[in-house]
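Engineer: Sequence:
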Amino acid sequence: MNRLLLLLTFLSVNIYMCGQIADKETYLNAFVGEMNKKWPDNRTLNVVFHGHSVPSGYFKTPVVNTLHAYPHLVLCGLKECYPWAVLNVITTSIGGEQSEQGAVRFEKEVLTHRPDVLFIDYALNDRGIGLKRCEKAWRKMIERTLAENIKLILLTPTPDLNEDIKSDNAPLESYATMIRRLAAEYKVGLVDAYSLFKSKAGAGEALNMYMSQKNHPNALGHSCVANEILTWFVR
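In terms of our numbering, the sequence shown opens at residue 1 and continues consecutively.
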């Protein structure tokens, strides 16, 4: 009995220390309030997407389909909901890049845009550097973002058809788990694209209908991610 109580105490302490993901209903309330302001009381607002080829808009490489990639779809969705907002959606992403490289240029190429809300999406390419190195890079970017009082939302990866997304042993699963843990630890937002597509696969959907090539979503795949992102903004 004493051992059981000690175990339960240990688990409860660790759950408390890990925190929880930001509340979707309240996390971006101040930003939504800014989007609802009309001239002459409004200001220019910046939403920045940092990451690799997917937010960059690469479909079937080397084609870059900017207008059907999720950052642009988010812009369109936000403008439908907030017609008075002066809104910039900025991509600082680079195809082929991983999070260590993204962290190196974070100060000069991301924070310089003075984002009101920042998204980070690197997990697909982080498999090349491993969990330990990429977690260090993610933490560096997260902590610099929060030091500037910028709202932050992390993205788990979109699919790679070379892996079995239904398997808990798929390499990307461990990266998605890390990102969820970081979102909870730092109490920031999370768009769990990996779980979204894993659920679709579990329901019997063929994921190739969402992909333009093995590791890049098509317009339909991007729209799924954009719709999840928009749930953080739409009230």
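Hints listed in this document are in silico derivations from the structure and should not be mistaken for laboratory results.
Don't take every hint at face value.
Just the calculated beta-carbon pair ranges, DEER-fashion [said to hold, decoys possible]:
{"no.": "1", "residue 1": "GLY202", "residue 2": "GLY19", "range": "24 to 30 Å"}
{"no.": "2", "residue 1": "ASN162", "residue 2": "ASN227", "range": "31 to 37 Å"}
{"no.": "3", "residue 1": "THR231", "residue 2": "THR44", "range": "22 to 28 Å"}
Using 20 Å as the maximum straight-line C-alpha spacing, the simulated EDC-like pairs for lysine to aspartate or glutamate come out as follows [to be verified]:
{"no.": "4", "residue 1": "LYS24", "residue 2": "GLU135"}
{"no.": "5", "residue 1": "LYS136", "residue 2": "GLU148"}
{"no.": "6", "residue 1": "LYS108", "residue 2": "ASP192"}
{"no.": "7", "residue 1": "LYS200", "residue 2": "ASP160"}
{"no.": "8", "residue 1": "LYS60", "residue 2": "GLU163"}
{"no.": "9", "residue 1": "LYS151", "residue 2": "GLU173"}
{"no.": "10", "residue 1": "LYS136", "residue 2": "GLU185"}
{"no.": "11", "residue 1": "LYS214", "residue 2": "GLU97"}
{"no.": "12", "residue 1": "LYS140", "residue 2": "ASP116"}
{"no.": "13", "residue 1": "LYS108", "residue 2": "GLU97"}
{"no.": "14", "residue 1": "LYS24", "residue 2": "GLU185"}
{"no.": "15", "residue 1": "LYS79", "residue 2": "ASP192"}
{"no.": "16", "residue 1": "LYS140", "residue 2": "GLU185"}
{"no.": "17", "residue 1": "LYS136", "residue 2": "GLU97"}
{"no.": "18", "residue 1": "LYS37", "residue 2": "GLU97"}
{"no.": "19", "residue 1": "LYS187", "residue 2": "GLU143"}
{"no.": "20", "residue 1": "LYS187", "residue 2": "ASP116"}
{"no.": "21", "residue 1": "LYS132", "residue 2": "GLU173"}
{"no.": "22", "residue 1": "LYS187", "residue 2": "GLU80"}
{"no.": "23", "residue 1": "LYS214", "residue 2": "GLU148"}
{"no.": "24", "residue 1": "LYS24", "residue 2": "ASP41"}
{"no.": "25", "residue 1": "LYS187", "residue 2": "GLU135"}
Note that the Cβ used here is the ideal one computed from N, Cα and C, for glycine as well.
Engineer: For every hint, state whether the structure bears it out.
Structural biologist: Hints, verified against the model:
1. A hinted range of 24 to 30 Å for the beta carbons of GLY202 and GLY19 is consistent with their spacing of about 28 Å.
2. A hinted range of 31 to 37 Å for the beta carbons of ASN162 and ASN227 is inconsistent with their spacing of about 25 Å.
3. Under the hint 22 to 28 Å, the C-beta atoms of THR231 and THR44, about 24 Å apart, fit the expected range.
4. A hinted pair counts as satisfied when its Cα atoms are at most 20 Å apart, and LYS24 with GLU135 does not qualify at roughly 24 Å.
5. Between LYS136 and GLU148 the CA atoms are separated by roughly 19 Å; this keeps the pair inside 20 Å, and the hint holds.
6. About 28 Å separates the Cα atoms of LYS108 and ASP192, which puts this hinted pair outside 20 Å; it is violated.
7. Taking the CA atoms of LYS200 and ASP160, the gap is about 14 Å. The hint holds against a cut of 20 Å.
8. At most 20 Å may separate the alpha-carbon atoms for a hinted pair to count; LYS60 and GLU163 meet this at roughly 18 Å.
9. Restraint check for LYS151 and GLU173: not satisfied, since their Cα atoms lie roughly 25 Å apart, outside the 20 Å limit.
10. As the CA atoms of LYS136 and GLU185 are separated by approximately 14 Å, the hinted pair is consistent with the 20 Å bound.
11. For the given pair, LYS214 sits about 17 Å from GLU97 by alpha-carbon distance, which is consistent with the 20 Å threshold.
12. For the proposed pair LYS140 and ASP116, the alpha carbon gap of about 18 Å is at most 20 Å, so the pair holds.
13. In summary, the hint linking LYS108 to GLU97 is supported, as the alpha carbons are separated by about 16 Å, within the 20 Å threshold.
14. The suggested pairing of LYS24 with GLU185 holds, with an alpha-carbon distance near 16 Å, which does not exceed 20 Å.
15. Between LYS79 and ASP192, the direct Cα distance comes to roughly 23 Å. Violation of the 20 Å bound is thereby established for this hinted pair.
16. Distance hint between LYS140 and GLU185 is fulfilled; the C-alpha atoms sit about 14 Å from each other, no more than 20 Å.
17. As the CA atoms of LYS136 and GLU97 are separated by approximately 16 Å, the hinted pair is consistent with the 20 Å bound.
18. In summary, the hint linking LYS37 to GLU97 is not supported, as the alpha carbons are separated by about 37 Å, beyond the 20 Å threshold.
19. Using a Cα cut-off of 20 Å, the hinted pair LYS187 and GLU143 holds, with the two alpha carbons roughly 12 Å apart.
20. Between LYS187 and ASP116, the direct Cα distance comes to roughly 17 Å. Compliance with the 20 Å bound is thereby established for this hinted pair.
21. Restraint check for LYS132 and GLU173: the C-alpha separation of about 15 Å stays at or below 20 Å, so the hint holds.
22. Among the hinted pairs, LYS187 with GLU80 is inconsistent with the structure: their alpha-carbon atoms are about 29 Å apart, more than 20 Å.
23. Proximity of LYS214 to GLU148 is assessed by CA-CA distance (about 37 Å); at most 20 Å being required, the pair is judged violated.
24. About 26 Å separates the Cα atoms of LYS24 and ASP41, which puts this hinted pair outside 20 Å; it is violated.
25. A threshold of 20 Å between alpha carbons decides the hint, and for LYS187 with GLU135 the separation of about 16 Å falls inside it, so the pair holds.
Hints 2, 4, 6, 9, 15, 18, 22, 23 and 24 from the earlier list are contradicted by this structure; the remaining hints agree with it.
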